[in-house]
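2 protein chains.
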Amino acid sequence: MNHPGEKKQEITYVTKPALPPLEEFTALLQKVWDSRLLTNGGPMHKEFERALAEFLGVKYVSLFCNGMIALQIGLQALKITGEVITTPFSFAATTHAIYWNNCTPVFCDIKPDYTIDPAKIESLISPRTTAILPVHVYGRPCDHEAIQKIADLYGLKVFYDAAHAFAVRQNDVSVLNCGDLSMLSFHATKVFNTFEGGALITDNPKLKTRIDFLKNFGFAGETTVVAPGSNGKMNEFQAALGLLQLKHIDSYIAERKRIDAIYREELSGIEGLFFEGDIPGTTSNYAYFPILIDQKSYGMSRDDVYEKFRTNNIYVRRYFYPLISTFPCYRELPSASSRNLPVASKVAGQILCLPIYPDLDHGIVRGICASLKRRFS
Amino acid sequence: MNHPGEKKQEITYVTKPALPPLEEFTALLQKVWDSRLLTNGGPMHKEFERALAEFLGVKYVSLFCNGMIALQIGLQALKITGEVITTPFSFAATTHAIYWNNCTPVFCDIKPDYTIDPAKIESLISPRTTAILPVHVYGRPCDHEAIQKIADLYGLKVFYDAAHAFAVRQNDVSVLNCGDLSMLSFHATKVFNTFEGGALITDNPKLKTRIDFLKNFGFAGETTVVAPGSNGKMNEFQAALGLLQLKHIDSYIAERKRIDAIYREELSGIEGLFFEGDIPGTTSNYAYFPILIDQKSYGMSRDDVYEKFRTNNIYVRRYFYPLISTFPCYRELPSASSRNLPVASKVAGQILCLPIYPDLDHGIVRGICASLKRRFS
Numbered sequence: 038m039n040h041p042g043e044k045k046q047e048i049t050y051v052t053k054p055a056l057p058p059l060e061e062f063t064a065l066l067q068k069v070w071d072s073r074l075l076t077n078g079g080p081m082h083k084e085f086e087r088a089l090a091e092f093l094g095v096k097y098v099s100l101f102c103n104g105m106i107a108l109q110i111g112l113q114a115l116k117i118t119g120e121v122i123t124t125p126f127s128f129a130a131t132t133h134a135i136y137w138n139n140c141t142p143v144f145c146d147i148k149p150d151y152t153i154d155p156a157k158i159e160s161l162i163s164p165r166t167t168a169i170l171p172v173h174v175y176g177r178p179c180d181h182e183a184i185q186k187i188a189d190l191y192g193l194k195v196f197y198d199a200a201h202a203f204a205v206r207q208n209d210v211s212v213l214n215c216g217d218l219s220m221l222s223f224h225a226t227k228v229f230n231t232f233e234g235g236a237l238i239t240d241n242p243k244l245k246t247r248i249d250f251l252k253n254f255g256f257a258g259e260t261t262v263v264a265p266g267s268n269g270k271m272n273e274f275q276a277a278l279g280l281l282q283l284k285h286i287d288s289y290i291a292e293r294k295r296i297d298a299i300y301r302e303e304l305s306g307i308e309g310l311f312f313e314g315d316i317p318g319t320t321s322n323y324a325y326f327p328i329l330i331d332q333k334s335y336g337m338s339r340d341d342v343y344e345k346f347r348t349n350n351i352y353v354r355r356y357f358y359p360l361i362s363t364f365p366c367y368r369e370l371p372s373a374s375s376r377n378l379p380v381a382s383k384v385a386g387q388i389l390c391l392p393i394y395p396d397l398d399h400g401i402v403r404g405i406c407a408s409l410k411r412r413f414s
Numbered sequence: 038m039n040h041p042g043e044k045k046q047e048i049t050y051v052t053k054p055a056l057p058p059l060e061e062f063t064a065l066l067q068k069v070w071d072s073r074l075l076t077n078g079g080p081m082h083k084e085f086e087r088a089l090a091e092f093l094g095v096k097y098v099s100l101f102c103n104g105m106i107a108l109q110i111g112l113q114a115l116k117i118t119g120e121v122i123t124t125p126f127s128f129a130a131t132t133h134a135i136y137w138n139n140c141t142p143v144f145c146d147i148k149p150d151y152t153i154d155p156a157k158i159e160s161l162i163s164p165r166t167t168a169i170l171p172v173h174v175y176g177r178p179c180d181h182e183a184i185q186k187i188a189d190l191y192g193l194k195v196f197y198d199a200a201h202a203f204a205v206r207q208n209d210v211s212v213l214n215c216g217d218l219s220m221l222s223f224h225a226t227k228v229f230n231t232f233e234g235g236a237l238i239t240d241n242p243k244l245k246t247r248i249d250f251l252k253n254f255g256f257a258g259e260t261t262v263v264a265p266g267s268n269g270k271m272n273e274f275q276a277a278l279g280l281l282q283l284k285h286i287d288s289y290i291a292e293r294k295r296i297d298a299i300y301r302e303e304l305s306g307i308e309g310l311f312f313e314g315d316i317p318g319t320t321s322n323y324a325y326f327p328i329l330i331d332q333k334s335y336g337m338s339r340d341d342v343y344e345k346f347r348t349n350n351i352y353v354r355r356y357f358y359p360l361i362s363t364f365p366c367y368r369e370l371p372s373a374s375s376r377n378l379p380v381a382s383k384v385a386g387q388i389l390c391l392p393i394y395p396d397l398d399h400g401i402v403r404g405i406c407a408s409l410k411r412r413f414s
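So the sequence lines, in the order shown, correspond to chains W and Z. Numbering follows this note's numbering, in which position 175 of the first sequence is assigned residue number 212; successive positions increment by one, without gaps. Numbering follows this note's numbering, in which position 71 of the second sequence is assigned residue number 108; successive positions increment by one, without gaps.
Just so you know, these hints were derived from the structure itself, not from any lab. Misleading hints may appear alongside valid ones.
One copy or any two copies: either way a pair holds, since identical chains are not told apart in the list.
Below, in silico cross-link-like pairs of lysine-lysine (DSS-like), each with a Cα-Cα straight-line distance of 30 Å or less [as the list claims (entries may be wrong)]:
| id | residue 1 | residue 2 |
| --- | --- | --- |
| 1 | Lys68 | Lys83 |
| 2 | Lys294 | Lys53 |
| 3 | Lys345 | Lys333 |
| 4 | Lys83 | Lys53 |
| 5 | Lys157 | Lys186 |
| 6 | Lys294 | Lys116 |
| 7 | Lys96 | Lys333 |
| 8 | Lys148 | Lys68 |
| 9 | Lys68 | Lys53 |
| 10 | Lys383 | Lys148 |
| 11 | Lys186 | Lys294 |
| 12 | Lys284 | Lys68 |
| 13 | Lys83 | Lys194 |
| 14 | Lys294 | Lys68 |
| 15 | Lys345 | Lys383 |
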């Protein structure tokens, strides 16, 4: 119940999906309605795969219904078995995809910049290791040269969880070109969305073909099934929306960049509040604005800050907390011990992602910064 | 190239998806655009789950991005391990879901009515058997009373692949109420479509809750992951379309029934061409019109008939051929031997599904029947 004079404040979420004007979209939907080709690689799907590869500057794109199924099928396509070295500082999907492929995840610690620490990978390699599954967390590129060096030395595959890394480039080359395979997510919470959606990216034409079989139950023709695949197909609605989103993505990212700049300016120099700097040579997508709260020097814990924001209808997120390695389904693995993961454990206890999305009101951004500066006093 | 006077005949596919008027749909999409809630159990999803349960006459519905992921998560939710007795006369998804749950499929033969033969289940039970995964093929209900009796005797779970059985009722009760769990598919080729889509149906509230956790990566809250789930979420576009399709489904099925009646009338009494009769007490959805071609008495093989139709731009389907048990990934299983599967093997060599969909021209249907009658002479 609202009392007289009380102002009902709307909730600000950590993200809000960007959508093109509905009129633009219904024009494309009309084509789908006319063709009545709704899925299984229809005309929108073909066109979006082509346009997306061009936009991203990559060779082959295979579209998926979502990023999780893309990860699951990607591991299957690469014929990964045994143990997979990965990061516990990610979304649950990263490790779950390993589980669904009947492999064992081996957790490796991260660097303070949130990405997997290549210096700690080698000590985790066993005779059963077949692959490394790193994550470009928050769109921050992994140290892919160091990772590739280890992979080449030990004959391992590298599959990047690039769910956050849409349009991220280093020295004008897409980070999606790293490793053997990369996965993108187009979930509603991502920089680029098709409601739900995802993709696998490779420069290997045979791998692309195999992925396309596997995402359609393994069918390589009307009567040939080459492996027990799954259904990862993106439908024509998602593909049509994706085509249209491509026309707007540059402006979405430009809007995000403005908000990122405000945060950087307003939040710099606050004792006990840290954030990573820009990475030289990297074109960011400004997907997230993560900060670290050091309880001792800031004077409040991360969870206190989180709760204070929620009380004020600002729904910041503890993203990623808890670590995947602490989930009951993984915590008994030897590599899941927090002694093995000191940096990741510390970061998970301090991390907080602030709201950032194209049409987020700049006044709200400044209000968030002001609250953090005065420590909610 | 078309020569002068040559009439280009359009292809008739075995099915063509029904869609509501686009104007009706854009009105619902406007709501999604306004809310910007695109997935993760938004308002359309909630409303569609409720409306669908009511329409089908079932207790709980959990919506999915597609039927395959629903099957995969359904087996996980039931905690199925070891061996699962299933039918080889189905779409690849049925057995693939068992594979993804790290269980072994055990193939059981079918009855001449296409559904699993309960009389042959018992001899396939081993100490490792935990479940039966039958299929209501073409929407024809399995002998669920006999199956349940065996399941109860041996303490097995029963999970129905009901991909074809949307709205099918027996003595006015939905067949989706059989067993512990049922899976529906809303793929473009199905009687009821949401482009891609699916659902799990149960009357067990705890199972419904567990399924809903598992289809969202196992999250039972912001920081609790109860199991390594996957992403099976249906998005708001699919749910909005589903809501609208419910208003039209009765007329879609009525149109199908008219075509079914033409086939039954025109094709009866042709030597060497067989089809199953109506099942007393069953309300059908007229999803398919399968016929069997006996080469000896019909005078042509099924494959000859198939090719003849294709030459005439009638894309009938050999559905289901080949048997799943013959796929390279399963054929070495002891139960995959064709000696174990005489009826299924025979049916797979004779089966042909004729075109049936709401706005299929009745003239084309009669033309198909005429071709079959005169044996394409």
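TODO: State whether the alpha carbon distance between lysine 345 and lysine 383 is at most 30 Å within one copy, between copies, both, or neither.
DONE: within (21 Å within a copy, 69 Å between copies)
TODO: First find the shortest C-alpha distance between lysine 294 and lysine 53 inside one copy, then the shortest across copies, and answer within, between, both or neither for a cut-off of 30 Å.
DONE: Only inside one copy: lysine 294 and lysine 53 sit 15 Å apart there, 45 Å across copies, limit 30 Å.
Open item on the list: Reference check for the pair lysine 96 and lysine 333, CA-CA at most 30 Å: within, between, both, or neither?
Closed with: neither (48 Å within a copy, 52 Å between copies)
Open item on the list: As a check of your reading, is lysine 294 near lysine 68 (CA-CA no more than 30 Å) within one copy, between copies, both or neither?
Closed with: between (34 Å within a copy, 29 Å between copies)
Open item on the list: Treating 30 Å as the Cα threshold, decide for lysine 345 and lysine 333: within, between, both or neither.
Closed with: Classified as within; 17 Å inside a copy, 80 Å across copies.
TODO: Evaluate lysine 284 and lysine 68 at a C-alpha cut-off of 30 Å and name the case that applies: within, between, both or neither.
DONE: both (18 Å within a copy, 23 Å between copies)
- [ ] At 30 Å max between alpha carbons, let me know whether lysine 294 reaches lysine 116 within a copy, between copies, both or neither.
- [x] neither (39 Å within a copy, 46 Å between copies)
Open item on the list: At most 30 Å between CA atoms: does that hold for lysine 83 and lysine 53 within a copy, between copies, both, or neither?
Closed with: both (28 Å within a copy, 20 Å between copies)
Open item on the list: Regarding lysine 68 and lysine 83, is the shortest C-alpha distance of 30 Å or less found within a copy, between copies, in both, or in neither?
Closed with: both (14 Å within a copy, 29 Å between copies)
Open item on the list: At most 30 Å between alpha carbons: which applies to lysine 83 and lysine 194, within, between, both or neither?
Closed with: Answer is within; shortest intra-copy Cα gap is 28 Å, inter-copy 41 Å.
Task: Status of lysine 294 relative to lysine 186 across identical chains (alpha carbons, at most 30 Å) - done: Neither way: lysine 186 and lysine 294 sit 33 Å apart in one copy and 64 Å across, limit 30 Å.
TODO: Using 30 Å as the alpha carbon limit, work out where lysine 68 and lysine 53 are close: within a copy, between copies, both or neither.
DONE: both (28 Å within a copy, 15 Å between copies)
Comparing the model with each numbered hint stated earlier shows that hints 6, 7, 8, 11 do not hold.
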